[in-house]
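Asker: Take a look at the letters that make up each chain.
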Amino acid sequence: MNKEVIVIGAGAAGMESAGQLANEGFSVKIFEKDESPGGHLKGWYHLFPNRRDSVEVMDYLLDVIDRKEIELLTNTTVTKVSKKDGKFVVTTTQNKEYNADAIIVTTGFDLFRSERKEEYGYGIYDNVITSAELEKMFRNGNLRCTDGRIPQKVGFIHCVGSRDEKVGNFYCSKLCCVSAVKQAIEIREHVPESNVFCFYMDIRMGGSGYEELYRESQQKYGVNYIRGKVSEVAENYEGKLVLKVEDTLVGKPLKMEFDMLVLMVGMEMSESGKELAVNSGLLTGENRFFAPADHHFGSNKGNVDGIFYAGACTATMNLTETLAHARSAVDDVVDYFRRKK
Amino acid sequence: MSDFGYVLLKNRHIDYEANDKRIAEYIYAREPSFGYCMECGCCAGTCTSGNFTHLSLREINILIKRGETSTIKEQIDKCMLCGKCTLVCPRGVNTRNIIILAGEAIQKLEANEL
Amino acid sequence: MNFELFVIPFNIGLYFIIFYVVYRSVVWFLDLSRQDKLRLQRGFFGRAFWQSIKEIFSESLLHRKIWKTNARLGYMHTSLAFGWFLLIIFGTIEADLFGTSHLNPPYKAIFFKYFHPEPARSGIEVAYAFLMDLILAYILSGLFLAVLKRFSSKSVGMKKTTKLLTLDKVALTSLWLVFPSRLLAESFTSGAYGSGSFLTGSLGNALASFLPAEQLAYPFWWLYSLSLGTFFILLPLTRYMHIPIELFLIFARNSGIKTGDQKGSYTDIQIYSCSSCGICIDACQLSFSAGINNIQTAYLLKGIRENIDVTDIVPNCLMCGRCEAKCPVGIEIMPIRMIQRRENIYLPSERKLLKRYFPDRKKSPAPKPPVPPSYSWIPEGRSEKAKVIYFAGCMSHLTPTIKKSMLSIFEAAGVDYTFVDEEGGVCCGRPLMLSGQTKKARELISYNSKLFYETGADMLVTSCPICYKVFKESYKLGIDIMHHTQYIKKLINDDALKLNFMHKTVSYHSPCDLGRGSGVYDEPKYVLSYVARLQETEFEDENSLCCGGSLANTKIDNPTRALIAKDAARELTKNRPDYLVTACPLCKKTFGAVTETDVVDISELVAQVIVVPQAKRLMSNSPIMRKKKVTVKNNC
Chain A
1 MNKEVIVIGA GAAGMESAGQ LANEGFSVKI FEKDESPGGH LKGWYHLFPN RRDSVEVMDY
61 LLDVIDRKEI ELLTNTTVTK VSKKDGKFVV TTTQNKEYNA DAIIVTTGFD LFRSERKEEY
121 GYGIYDNVIT SAELEKMFRN GNLRCTDGRI PQKVGFIHCV GSRDEKVGNF YCSKLCCVSA
181 VKQAIEIREH VPESNVFCFY MDIRMGGSGY EELYRESQQK YGVNYIRGKV SEVAENYEGK
241 LVLKVEDTLV GKPLKMEFDM LVLMVGMEMS ESGKELAVNS GLLTGENRFF APADHHFGSN
301 KGNVDGIFYA GACTATMNLT ETLAHARSAV DDVVDYFRRK K
Chain B
1 MSDFGYVLLK NRHIDYEAND KRIAEYIYAR EPSFGYCMEC GCCAGTCTSG NFTHLSLREI
61 NILIKRGETS TIKEQIDKCM LCGKCTLVCP RGVNTRNIII LAGEAIQKLE ANEL
Chain C
1 MNFELFVIPF NIGLYFIIFY VVYRSVVWFL DLSRQDKLRL QRGFFGRAFW QSIKEIFSES
61 LLHRKIWKTN ARLGYMHTSL AFGWFLLIIF GTIEADLFGT SHLNPPYKAI FFKYFHPEPA
121 RSGIEVAYAF LMDLILAYIL SGLFLAVLKR FSSKSVGMKK TTKLLTLDKV ALTSLWLVFP
181 SRLLAESFTS GAYGSGSFLT GSLGNALASF LPAEQLAYPF WWLYSLSLGT FFILLPLTRY
241 MHIPIELFLI FARNSGIKTG DQKGSYTDIQ IYSCSSCGIC IDACQLSFSA GINNIQTAYL
301 LKGIRENIDV TDIVPNCLMC GRCEAKCPVG IEIMPIRMIQ RRENIYLPSE RKLLKRYFPD
361 RKKSPAPKPP VPPSYSWIPE GRSEKAKVIY FAGCMSHLTP TIKKSMLSIF EAAGVDYTFV
421 DEEGGVCCGR PLMLSGQTKK ARELISYNSK LFYETGADML VTSCPICYKV FKESYKLGID
481 IMHHTQYIKK LINDDALKLN FMHKTVSYHS PCDLGRGSGV YDEPKYVLSY VARLQETEFE
541 DENSLCCGGS LANTKIDNPT RALIAKDAAR ELTKNRPDYL VTACPLCKKT FGAVTETDVV
601 DISELVAQVI VVPQAKRLMS NSPIMRKKKV TVKNNC
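Chains as they are written, first to last, in our numbering: chain A, 1 to 341; chain B, 1 to 114; chain C, 1 to 636.
One or more of the hints may lead you astray.
Here are the computed lysine to any residue pairs in the SDA-like style, where the Cα-Cα straight-line distance is at most 20 Å [claimed, not checked]:
id	chain 1	residue 1	chain 2	residue 2
1	A	Lys274	C	Lys566
2	A	Lys252	B	Ile72
3	B	Lys108	C	Asp312
4	A	Lys252	B	Met38
5	C	Lys555	B	Glu104
6	B	Lys108	C	Leu347
7	B	Lys73	C	Trp377
8	B	Lys78	A	Gly251
9	A	Lys252	B	Ile62
The following residues of chain A were derived to be distant from chain B, with all beta-carbon distances above 12 Å [claimed, not checked]:
id	residue
10	Asn75
11	Glu97
12	Asp331
Since the hints were made in silico from the structure, they are not lab data. Quick reminder that beta carbons are idealized off the backbone N, C-alpha and C, glycines included.
Take these sequences, add in the hints, and give me the full structure.
Answerer: Here is the structure:
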């Protein structure tokens, strides 16, 4: 049984599924548009909820794909997949074609472009940053405002690009709440004298250990939570960021000044995924992610038999779910070949 | 046990069954997005009038739904209809129409036309 | 043979309608304000009269504007109006030249063939009969299109056609019957006498070959007269009233009468002048992008005419002005809609027939009881002295890039300015105006006016077209008012602003309140061409689209707005520009939500390409400059 499977995307889902495919005896090619594997994991500092260093997970995944059955092709973007006589042809931007017996799409997500939420001032005011940029600051050990000061007062704005009809995203990105809690804790660790405020609509702590982390952030780290979606951000003459928000539980508008504001950006279908979907005739849902064949029984399947999905290209997912989803995609691949016999 | 102890706090609870919800019904029938609000407070945070005085569309919205309408007329009158609330609302609530409809409903209520 | 019973219905109709139109015109004239009466009198003895004659010929008869919008629809209107006109003129001449007497009563011309059925005696008469047949054929061809339009509006090039009321239907049927019955009556007569030209003659011969032509002619002459009479009598209750009233409108307009902000004779005249041609429906984005087809101006005017409840139609309009720009009759739709918004109450009245023919004369509305001010709680505004006031506007606070760009433009040009609504100002009042609450709007206008006055500035610059329009129209400030696009142009022309050219392509979306609303088309394009490569779109100037975000409409929901915005954005980005540029924070926000193309305001592009002198750049980054700014703020 020397079947060839192509995995599109070498993020967490792609690497994990590649490893599992190799375990099942397939030969695997992974295509990655970046110059190195890892996807969004590369930019992360510590992971929620147990705050494990992301490098540990990265090392594990690199080990997973480090075997002779798996070939990794970086700097290669797949633009199209087509099916011919039960076989698949994968076309890349270099206009090369590769054959495969089955495909797993793991094109993942892009972070919401915060410029689209102009009233929050990203790209307009210094010190309005995204959660991803904050992770990089943590990683580099350089948590500072643009003028070099150490931020004393930091605000987290939840739901930037999620649950917002005005940017066309109706869904909840799921991870931003717990990420904010984690990052708030880390700010307090890096700058113990700092004050941290999270502005939320709902605190959604659905994952295992999340609610405990939320409680810990209050108990041990004194993180403050204010219920209200931020309406506007402006900059005053001292270069402080002023935000307008209603404190909905008090029922009054609240004005507050910050040294740094962190936008908890949501997840969107990746641009490369969108292109692949359009070119290959893969169906996408209202939320623009790949549409699974069935919500319960077919979350790894789509509208083309033999093309499977894994990870955040189908819905917003955390790392735990992504890895599990990647392994279940391999189950579907095995099943696919059994059916074809 | 008909009052479940609430009789002790007459002024401190929302007597949902007794409250007059005709204004809410009037708005629901004409502006379905009245029901989409998730109480995020974006409208009230950005409100031009709310910058100077007590005006919270979010509050008006929920008070009408609960039938607690004694104070809303005063608030509605303060609105300048500038439209910032509509522009920030993440749920696409047609906020200005709610203000207009609530005003209409109150007028009709006062004229016994509702 | 000089009289026949069947001419009676026609005569009754004709004299009734003449009496009626004169009566209504006199009432309207009497109800005009003193100034407007004077205008009309002056117009009658001046240029306006001759101008009107010219316009009546080119618009009421030839329908030049409809031709421009839609040739087939133009042909239809022209053939009916101009054709009928020719038929009457040449018919009268015919009766005079070839009849037995001169100065005949009108019916003689209309039923000429009946009274003079004999074949042509001379070459001139043959030619004349040919001409009359030709005119009739011309009208019939237009009628054919009209019937087709009723049943399939696409065939005349229109997407939608107006819905009809019962009386409209009766009137329409009688109108449709007029010319076919004339054709048949004349044909039967011609068949019986062996007269007639290519149309009536040949049709008459064909019919006479198997039908008793002489006996059949008589009932068709009756039918012809009846349909004319019915049509004339029903005319005042139908949209066909526009035929006589439009003449009055053209004359009043040329005499310089304007709609103003009160209901009155002139609004009435305009309402009656609408022919329900449906061009406003085709122009309306609510129709072609969102499928809403019952709120357009033709319906509004018809509703007012017929005293139907239009309270739902009135607020459901973007007030983008596209229909007004395209209206072939030149009805001032926006002012009429504004008046209607102020008085948006429906009083069901008894719709007795007599009342419908002779409605009560408009009385000035009873003064409303005084109401306490709504905004007395707004704290006293603080203003700094400066030469130029910058008013960003409420919406611009949600697009901080525009604010920041404008400030950097002011700084670069060394302008002495004050940013009056930096901390969030008070609304300009236009949204309240648009929802008909003029009194509340006035409160805000006087608040802002005072604030502006105290700055001692001689120039007001705003980033918001909505504010701009109301500043221009309803504020009596006595200082220059400019939208920032105009101001940037001025800075460029004054050499106060040095700009680079960016090698990007842009397409320009003209905001409704700035373009059609205030007539500012050229300055934004001038600035854009100055800094980037401006692409033409199919929707320029008067034909520009609305973004769908309009504050004027309080009734449509967000998904509907998105439909309009998506359509408009798709059209404007057809040539794949690098930027879709607008000059309004609301347009920017609305488009930003629906298109992949970057949407920017003109000020943002300009701010990106400012040439800053080296020394100044160093200064602005120095802590001294920053500190100075802080002290200014603390002092005030």
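Asker: Evaluate each hint against the coordinates.
Answerer: Status of the hints after comparison with the structure:
1. A/Lys274 x C/Lys566: Holds, at roughly 19 Å.
2. A/Lys252 x B/Ile72: Judged against 20 Å, a Cα distance of about 15 Å means the pair holds.
3. B/Lys108 x C/Asp312: Measuring from Cα to Cα gives roughly 17 Å; hence the hint holds.
4. A/Lys252 x B/Met38: Holds, at roughly 17 Å.
5. C/Lys555 x B/Glu104: Holds, because 14 Å separates the two Cα atoms, which is no more than 20 Å.
6. B/Lys108 x C/Leu347: holds, 15 Å
7. B/Lys73 x C/Trp377: holds, 15 Å
8. B/Lys78 x A/Gly251: Roughly 17 Å between the alpha carbons, so the hint for B/Lys78 and A/Gly251 holds.
9. A/Lys252 x B/Ile62: Judged against 20 Å, a Cα distance of about 15 Å means the pair holds.
10. Asn75: The claim holds: A/Asn75 sits with its nearest Cβ about 38 Å from chain B, beyond 12 Å.
11. Glu97: At about 44 Å from chain B, A/Glu97 clears the 12 Å cut-off, so the statement holds.
12. Asp331: holds, 38 Å
When each numbered hint is compared with the structure, no violation occurs for any of them.
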